[in-house]
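Enquirer: Below are the chains, spelled out letter by letter.
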Amino acid sequence: MSEDTTAQVLTAGRVQELVYELKIEDAMVRDVQTVNVESTMDDVRAILREQKISGTPVLCRGELVGIVSIEDLLKALAGGETKTLVREKMSPNVVTLYADEPLVHALNQFARYRYGRFPIIDRKTKKLVGILTKGDIVRCLLRRLEMNHQARERAHYRPGHLFEDVVSDKSTLVLRHRVEGSNFQRAGEASSRLKKNLLSLGLSPDTVRRIAIASYEAEMNIVIFTQGGELVATIEPNQVTIRASDKGPGIPDVELAMQPGYSTAPDWVRELGFGAGMGLPNIKKNTNEMSLDSKVGEGTNLRFTVYTTNPT
Amino acid sequence: MLRELADILQAEELCNTQGDNVQIDIACACDLMSDVLLHAKAQCLLLTGLTTTQSVYTAEVADIKVICFVRGKRPQRDVVELATNKNIILLATHLPMFESCGKLYRNGIKGCSEV
Numbered sequence: 001m002s003e004d005t006t007a008q009v010l011t012a013g014r015v016q017e018l019v020y021e022l023k024i025e026d027a028m029v030r031d032v033q034t035v036n037v038e039s040t041m042d043d044v045r046a047i048l049r050e051q052k053i054s055g056t057p058v059l060c061r062g063e064l065v066g067i068v069s070i071e072d073l074l075k076a077l078a079g080g081e082t083k084t085l086v087r088e089k090m091s092p093n094v095v096t097l098y099a100d101e102p103l104v105h106a107l108n109q110f111a112r113y114r115y116g117r118f119p120i121i122d123r124k125t126k127k128l129v130g131i132l133t134k135g136d137i138v139r140c141l142l143r144r145l146e147m148n149h150q151a152r153e154r155a156h157y158r159p160g161h162l163f164e165d166v167v168s169d170k171s172t173l174v175l176r177h178r179v180e181g182s183n184f185q186r187a188g189e190a191s192s193r194l195k196k197n198l199l200s201l202g203l204s205p206d207t208v209r210r211i212a213i214a215s216y217e218a219e220m221n222i223v224i225f226t227q228g229g230e231l232v233a234t235i236e237p238n239q240v241t242i243r244a245s246d247k248g249p250g251i252p253d254v255e256l257a258m259q260p261g262y263s264t265a266p267d268w269v270r271e272l273g274f275g276a277g278m279g280l281p282n283i284k285k286n287t288n289e290m291s292l293d294s295k296v297g298e299g300t301n302l303r304f305t306v307y308t309t310n311p312t
Numbered sequence: 313m314l315r316e317l318a319d320i321l322q323a324e325e326l327c328n329t330q331g332d333n334v335q336i337d338i339a340c341a342c343d344l345m346s347d348v349l350l351h352a353k354a355q356c357l358l359l360t361g362l363t364t365t366q367s368v369y370t371a372e373v374a375d376i377k378v379i380c381f382v383r384g385k386r387p388q389r390d391v392v393e394l395a396t397n398k399n400i401i402l403l404a405t406h407l408p409m410f411e412s413c414g415k416l417y418r419n420g421i422k423g424c425s426e427v
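Order-wise, the sequence lines are chains U and F. According to the working numbering, the first sequence holds residues 1 to 312 in order. According to the working numbering, the second sequence holds residues 313 to 427 in order.
Please note: incorrect hints may appear among the correct ones.
[Unchecked claim] Taking lysine to any residue and the SDA-like style, the derived pairs with C-alpha atoms no more than 25 Å apart in a straight line are:
1. Lys23/U <-> Gln109/U
2. Lys398/F <-> Glu230/U
3. Lys285/U <-> Gly423/F
4. Lys285/U <-> Asp347/F
5. Lys353/F <-> Thr309/U
6. Lys285/U <-> Lys385/F
7. Lys285/U <-> Cys424/F
8. Lys385/F <-> Arg270/U
9. Lys285/U <-> Leu350/F
10. Lys422/F <-> Asp206/U
11. Lys353/F <-> Gln259/U
12. Lys353/F <-> Leu199/U
13. Lys196/U <-> Lys398/F
14. Lys385/F <-> Asp122/U
15. Lys377/F <-> Gln109/U
16. Lys377/F <-> Ser200/U
17. Lys196/U <-> Gln335/F
18. Lys196/U <-> Ala354/F
19. Lys385/F <-> Val427/F
20. Lys377/F <-> Arg186/U
21. Lys284/U <-> His177/U
22. Lys23/U <-> Ser54/U
23. Lys377/F <-> Glu271/U
24. Lys398/F <-> Val269/U
25. Lys284/U <-> Ala354/F
26. Lys285/U <-> Lys377/F
27. Lys398/F <-> Asn197/U
28. Lys398/F <-> Val232/U
29. Lys398/F <-> Arg176/U
30. Lys284/U <-> Lys385/F
31. Lys284/U <-> Asp347/F
32. Lys196/U <-> Val392/F
[What the hints assert, rightly or not] Anything over 12 Å on all C-beta distances counts as not near chain F; from chain U, calculated:
33. Cys60
34. His105
35. Ser191
[Claimed, not checked] Here are the simulated distance ranges between beta carbons:
36. Met409/F <-> Ser171/U: 47 to 55 Å
37. Met313/F <-> Arg139/U: 30 to 38 Å
38. Glu324/F <-> Asn288/U: 47 to 55 Å
No wet-lab data here; the hints were simulated from the structure. Keep in mind that this is a model prediction, so the values were computed, not measured. Cβ atoms here follow ideal geometry from the backbone N, Cα and C, with glycine treated the same way.
Go ahead and model the full structure; you've got the sequences and the hints to work with.
Expert: Structure, rendered in structure tokens:
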């Protein structure tokens, strides 16, 4: 590929945006192989061969003083000057770039000087911090394009698009979770699954947290007081409603049950960290609407709704 | 960072799928999970003596990333497995609740009602 075609490819569309967005430090190689001015051209040959590179910066007491490339090495070899010091054979007057400059600047400098590499300098400390070849730029751009692509794929396959993809006058997603009575080992699993589902539907974490807390309290009530029941979550584009229902025993005094701190839980439930009489008040606190309908001997139906922003 | 937190609490790590890069600025100390659900803020540290699966489920629904069991209590293996699955970090310290809270507070960790 000629210099001009490289430049054309690297300045097309999204790539063009990227070369302005990205900085040289995003593309440069930080772990720079260097050589000392007092080294011989033989040393340079060993470094270039071992590291599989075609040039390296030359340092004198830590300061960048030149650059030595495979061309310099070939000339030295041809002249039988393998024991000659790097100082004699390097190209002084190195053109350097700053790490914080945009990548497009590096591309322009590559086109202008036709060098294979540029040492990269920190603007403040003036120290060598990296090295940049055209290959590094291409690798960096490809990596970024791949990342953008993956992000787009993820966004596309997220179930959050459900309400966009399914066209109807009113779309509703219903998730049903069975809750076993008295099974404390599993108590919380239904709410845990619901939380995961709502997050993958794209609802905001704050909203999901409120729904999950309310759902977990309702789930614990079913586990503690009943033979079992279910949690049914009805998800609509602008709200989530949960119905927690069971077949008994029912709440004799709903008003009393709603009072913070009131609890009829036996001691063994309290030992499990529940039964503090905060369940229903806590559900109320975290939801926008709540209604409780209970008949002794028949069962309890608790409904609550949390308004959400559009999941998509 | 988590390492500093564990050092302050003289705590041992029981499970951690998240690495050291976990920032904790606030904590909640409580044995009643209903109270945790009511008062704890998301991303806080939960200090508790409750070592059942309910402490892990409570942490999960309340967006709590780290639980430290106090008073030398150790959870059963199924609790540690559940926490691993839910990506919740478990620590355990021999310190009692009050000392644990005091050490954290002295080191700049705030309460959930202070933020």
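Enquirer: Each hint: holds or not?
Expert: Here is what the structure says about each hint:
With a CA separation close to 14 Å, the supplied pair Lys23/U and Gln109/U stays within the 25 Å bound. Between the alpha carbons of Lys398/F and Glu230/U the distance comes to roughly 22 Å, so the proposed pair stays at or under 25 Å and holds. At roughly 20 Å between alpha-carbon atoms, Lys285/U and Gly423/F fall within 25 Å of each other, so this suggested pair holds. A distance of roughly 13 Å separates the Cα atoms of Lys285/U and Asp347/F; the hinted pair therefore holds under the 25 Å criterion.
Proximity of Lys353/F to Thr309/U is assessed by CA-CA distance (about 21 Å); at most 25 Å being required, the pair is judged to hold. For the given pair, Lys285/U sits about 32 Å from Lys385/F by alpha-carbon distance, which is inconsistent with the 25 Å threshold. Of the pairs offered as hints, the one joining Lys285/U and Cys424/F holds, with about 17 Å between alpha carbons and a cut-off of 25 Å not exceeded. Distance restraint check for Lys385/F and Arg270/U: the Cα-Cα separation of roughly 18 Å lies within the 25 Å cut-off, and the hinted pair is therefore satisfied.
The hinted pair formed by Lys285/U and Leu350/F meets the criterion: a straight-line CA distance of about 8 Å does not exceed 25 Å. Between Lys422/F and Asp206/U the alpha-carbon distance is near 21 Å, which keeps this suggested pair within the 25 Å criterion. Between Lys353/F and Gln259/U the alpha-carbon distance is near 23 Å, which keeps this suggested pair within the 25 Å criterion. With a CA separation close to 18 Å, the supplied pair Lys353/F and Leu199/U stays within the 25 Å bound.
Distance check on the hinted pair: Lys196/U and Lys398/F sit about 10 Å apart at the alpha-carbon level, within 25 Å; holds. Restraint check for Lys385/F and Asp122/U: the C-alpha separation of about 52 Å exceeds 25 Å, so the hint is violated. Our distance criterion of 25 Å between C-alpha atoms is broken by Lys377/F and Gln109/U, whose separation comes to about 49 Å. Taking the CA atoms of Lys377/F and Ser200/U, the gap is about 19 Å. The hint holds against a cut of 25 Å.
For the given pair, Lys196/U sits about 22 Å from Gln335/F by alpha-carbon distance, which is consistent with the 25 Å threshold. A hinted pair counts as satisfied when its Cα atoms are at most 25 Å apart, and Lys196/U with Ala354/F qualifies at roughly 16 Å. With a C-alpha separation of about 29 Å, the suggested pairing of Lys385/F with Val427/F is violated against the 25 Å cut-off. The hinted pair formed by Lys377/F and Arg186/U meets the criterion: a straight-line CA distance of about 20 Å does not exceed 25 Å.
Using a Cα cut-off of 25 Å, the hinted pair Lys284/U and His177/U holds, with the two alpha carbons roughly 21 Å apart. For a cut-off of 25 Å, the pair hint linking Lys23/U to Ser54/U stands: about 23 Å separates their Cα positions. A C-alpha spacing of about 23 Å is found between Lys377/F and Glu271/U, which places the hinted pair at or below 25 Å, so the restraint holds. For the suggested pair Lys398/F and Val269/U, the alpha carbons sit about 24 Å apart, so the restraint of at most 25 Å is met.
Distance restraint check for Lys284/U and Ala354/F: the Cα-Cα separation of roughly 19 Å lies within the 25 Å cut-off, and the hinted pair is therefore satisfied. Proximity of Lys285/U to Lys377/F is assessed by CA-CA distance (about 23 Å); at most 25 Å being required, the pair is judged to hold. For the hint pairing Lys398/F with Asn197/U, the CA-to-CA distance comes to about 14 Å; that is within 25 Å, so the pair holds. A C-alpha spacing of about 22 Å is found between Lys398/F and Val232/U, which places the hinted pair at or below 25 Å, so the restraint holds.
Pair hint Lys398/F plus Arg176/U holds up; C-alpha atoms about 21 Å apart against a cutoff of 25 Å. This hinted pair does not check out: Lys284/U and Lys385/F have alpha carbons roughly 33 Å apart, beyond 25 Å. Between Lys284/U and Asp347/F the CA atoms are separated by roughly 14 Å; this keeps the pair inside 25 Å, and the hint holds. For the proposed pair Lys196/U and Val392/F, the alpha carbon gap of about 20 Å is at most 25 Å, so the pair holds.
Against the 12 Å criterion, Cys60/U stays outside the reach of chain F, whose nearest CB is about 40 Å from its own CB. Every CB of chain F is more than 12 Å from the CB of His105/U (nearest about 33 Å), matching its label as outside the interface. With a minimum CB-CB distance of about 6 Å to chain F, Ser191/U fails to clear the 12 Å threshold, and the non-interface call is violated. At about 48 Å, the CB distance of Met409/F to Ser171/U agrees with the hint of 47 to 55 Å.
At about 32 Å, the CB distance of Met313/F to Arg139/U agrees with the hint of 30 to 38 Å. The given range of 47 to 55 Å is broken by Glu324/F and Asn288/U, whose C-beta atoms sit roughly 43 Å from each other.
Taken one by one, the earlier hints fail for this structure at numbers 6, 14, 15, 19, 30, 35 and 38, listed in ascending order.
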